[in-house]
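A.B. asks: This is what each chain is made of:
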Amino acid sequence: MTVLQPDLSLARAGAVRLRWPLAATLALIPAAFIGIGLVIRYFGYAASVSDETIAGFPMGMCRWDCSWYVYIAEHGYHHFPTPGMNAAGNWAFFPVMPVFVGLVHSVLAMVPTMTLATAVSILMAYATSIIAWPLLGKDLKAYTIFSAYLLAGPWSIYFTTFMTEAAFILITTAALVALERRSYLAAGIAAGLLSATRIVGVFMSIAIVAQLLGDHLAARKSWRSFVPELLRRPDIVLSLLLAPLGAFAYMAFLRWYMGDGLAFLHVQRAWARAYGNPLTFVWEALTTFPKSGWIPTFPQQLATAVITGFVLTAILLLRRKWAAGTFSIISLTVPLFAGMASTLRFTAAMAPLPILGSRLLARNWAITALVVLGFFVADYYVARAWIEGALSLV
Amino acid sequence: MSSAAVLSRPPRRRLIPWLYAAACLVALFELGVTWLALHPDVPPDYRAYYLDRSTTCLDEPVNGSYSFGTEITFRSSPDDRLIAPVRVCGWEGPVGDGLHAVGESARLRFAVPYNATHLTLMLELVAVDMAGPQGQRVVVSVNGTRVGEVRAVPKTPRRFDFTIPDSLLTASHRLDVELSFPDAILMDPQDSNTRKRSIKLLAGKVV
Numbered sequence: 001m002t003v004l005q006p007d008l009s010l011a012r013a014g015a016v017r018l019r020w021p022l023a024a025t026l027a028l029i030p031a032a033f034i035g036i037g038l039v040i041r042y043f044g045y046a047a048s049v050s051d052e053t054i055a056g057f058p059m060g061m062c063r064w065d066c067s068w069y070v071y072i073a074e075h076g077y078h079h080f081p082t083p084g085m086n087a088a089g090n091w092a093f094f095p096v097m098p099v100f101v102g103l104v105h106s107v108l109a110m111v112p113t114m115t116l117a118t119a120v121s122i123l124m125a126y127a128t129s130i131i132a133w134p135l136l137g138k139d140l141k142a143y144t145i146f147s148a149y150l151l152a153g154p155w156s157i158y159f160t161t162f163m164t165e166a167a168f169i170l171i172t173t174a175a176l177v178a179l180e181r182r183s184y185l186a187a188g189i190a191a192g193l194l195s196a197t198r199i200v201g202v203f204m205s206i207a208i209v210a211q212l213l214g215d216h217l218a219a220r221k222s223w224r225s226f227v228p229e230l231l232r233r234p235d236i237v238l239s240l241l242l243a244p245l246g247a248f249a250y251m252a253f254l255r256w257y258m259g260d261g262l263a264f265l266h267v268q269r270a271w272a273r274a275y276g277n278p279l280t281f282v283w284e285a286l287t288t289f290p291k292s293g294w295i296p297t298f299p300q301q302l303a304t305a306v307i308t309g310f311v312l313t314a315i316l317l318l319r320r321k322w323a324a325g326t327f328s329i330i331s332l333t334v335p336l337f338a339g340m341a342s343t344l345r346f347t348a349a350m351a352p353l354p355i356l357g358s359r360l361l362a363r364n365w366a367i368t369a370l371v372v373l374g375f376f377v378a379d380y381y382v383a384r385a386w387i388e389g390a391l392s393l394v
Numbered sequence: 001m002s003s004a005a006v007l008s009r010p011p012r013r014r015l016i017p018w019l020y021a022a023a024c025l026v027a028l029f030e031l032g033v034t035w036l037a038l039h040p041d042v043p044p045d046y047r048a049y050y051l052d053r054s055t056t057c058l059d060e061p062v063n064g065s066y067s068f069g070t071e072i073t074f075r076s077s078p079d080d081r082l083i084a085p086v087r088v089c090g091w092e093g094p095v096g097d098g099l100h101a102v103g104e105s106a107r108l109r110f111a112v113p114y115n116a117t118h119l120t121l122m123l124e125l126v127a128v129d130m131a132g133p134q135g136q137r138v139v140v141s142v143n144g145t146r147v148g149e150v151r152a153v154p155k156t157p158r159r160f161d162f163t164i165p166d167s168l169l170t171a172s173h174r175l176d177v178e179l180s181f182p183d184a185i186l187m188d189p190q191d192s193n194t195r196k197r198s199i200k201l202l203a204g205k206v207v
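Here the protein sequences come in this chain order: A and B. Everything in the first sequence is counted per my numbering, starting at 1 for the first residue and increasing by one. Everything in the second sequence is counted per my numbering, starting at 1 for the first residue and increasing by one.
With the rest of the complex left out, here is chain A (with noise of 0.2 Å):
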């Protein structure tokens, strides 16, 4: 990847001498949190269950939505009726990170799929911290912070377990990087493995749309010319078709394999969602006082996230990254309308919030390293909290 080259006056001050430290380093502070990041969470475990071992430890953080994963990366998806007799088929769960983990146990099958799970994680949050380099505008402190965020941070526990979550946000960061670069063919690949990742990456097409519109109007052009302009580019008409393909092709395969192409939204009604007005679901949230004590009770966390999800996204739409505020703002409000079930999870996952975030922490090496020893805090309270249940979390 061209990411990992230095700036090119600093290529032209010395290419041998000065490319290879700043790939270097690129390379080992991300690995360095891989380290600490593991170290954290050990210990978070460790004081969370009475039994902990490091061969358990991979499957001490499995909670929640992993152990659909695994099911599904052992197993594969479920007919119908399902093996448990109950409505609630894995459906819902999107192939990409279950069906790679299962694919590579089938060729490490001696390592247990957690233990699989787990570095196949990691090693995709530490590609995430890599690709992000050109998005964190090439500064050093903004790829710290993000990389100690991915790592070792708060939510450390979404990218480094088995979660749908350390795919996403590869995934968004690489479409997101092909956009930065016009490269729109390369972005709708991206965002075509994104669609068949969660079920939102499906909107990545709107922001491919959203970054085209935004470069057609800079430009000075007429709203008119837009469409005759897209169609006149069959590298661009290409890249939009490819966006949700693989959301069509998880589709065809549903059909093909138990007969409901939707079956991954019918299947939703197991889980009894209840749906209704994402404004009303934020309050309701943000209302919901303690009923002793000052800290905040686990739907004010999820209404925090949330409005600091939106609060970040309008911040990328007023500095024009169309592509990404389209995506985060899409993809923030659509699993809104179900309630705030898992809202802090998505909006730690949307790789465009962290990634400004990042930039804006990044004021200066002090509080870049207050922030990362503020992470590491966070990391082992938040992973302690993740191993009991935290509904938060979920």
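No lab work stands behind these hints: they were computed from the structure. Note that the coordinates shown come from a computational prediction; the quantities given were computed from them, not determined experimentally. Every residue, glycine too, gets a C-beta built ideally from N, C-alpha and C. There may be inaccurate statements among the hints.
[Claimed, not checked] Simulated crosslink set (SDA-like; lysine to any residue; CA at most 20 Å straight-line): (1) K221/A - P10/B; (2) K221/A - R9/B; (3) K155/B - D129/B; (4) K155/B - G96/B.
[To be verified] Away from chain B, derived, C-beta distances all over 12 Å, residues of chain A: (5) L22; (6) L38; (7) Y42; (8) D139; (9) T287; (10) Q300; (11) R384.
Please arrange chain B on chain A, whose structure you already have, making use of the hints.
C.D. replies: For chain B alone, kept in the frame of chain A given last:
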């Protein structure tokens, strides 16, 4: 990079037909999948629960294995292993105070001996507390035919016997018992009807 810069670098001329062809293929695939997705090929039970939403109870193919004449306790107990084969859908638990009905109906299935006749179904029910003094009506059907309606009240479990006419016995020697709850309570206006609450089942028997 501006749009003008983007548009100044179109794909190579020789690639253009191939790119359009690839786009057409992808579009055709996506249209085909959309058509297939809008025309699912699923069993009637799947359609009723997930697609039409005409029931809150997904009829699961449990075998109804049952030791004829045995009273099953639906509270969490060592008898749990007896519950799984007869519990079809619409239940949560068992927990200490029984099997909780969720949704607008719930089902049980009992396999009976091939020569069984003059059967009676016994169910011990209690309404959920929020039902209030009026309790919950429970309409009981066996193999698709209504065999009675009872009223469960909160806090005081009641035993009800339902006579099953021999005409309802089928060649499969199974009793498919459906309990419908016309007064089931939605706990929150935004809740799904699959979360409605009504009664708890404490015990059951076929003799």
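A.B. asks: Give a verdict on every hint.
C.D. replies: Going down the list of hints, with the structure as the test:
Our distance criterion of 20 Å between C-alpha atoms is met by K221/A and P10/B, whose separation comes to about 18 Å. In summary, the hint linking K221/A to R9/B is supported, as the alpha carbons are separated by about 17 Å, within the 20 Å threshold. For the proposed pair K155/B and D129/B, the alpha carbon gap of about 7 Å is at most 20 Å, so the pair holds. At roughly 14 Å between alpha-carbon atoms, K155/B and G96/B fall within 20 Å of each other, so this suggested pair holds.
Listed as outside the interface, L22/A is consistent with that label: its C-beta sits roughly 23 Å from the nearest C-beta of chain B, beyond the 12 Å cut-off. Residue placement check: L38/A keeps its beta carbon more than 12 Å from all beta carbons of chain B (closest about 38 Å). No Cβ of chain B comes within 12 Å of the Cβ of Y42/A; the nearest lies about 35 Å off, and the non-interface call holds. The Cβ of D139/A sits about 20 Å from the closest Cβ of chain B, beyond the 12 Å cut-off, so the non-interface label holds.
Under the 12 Å C-beta cut-off, the non-interface status given to T287/A relative to chain B holds; the minimum distance is some 16 Å. Distance check on Q300/A: its Cβ is at least 19 Å (rounded) from any Cβ of chain B, clearing the 12 Å threshold; non-interface status holds. No Cβ of chain B approaches the Cβ of R384/A within 12 Å, the least distance being about 28 Å, so the stated non-interface status holds.
Consistency with the previously given hints is maintained throughout, with no hint failing.
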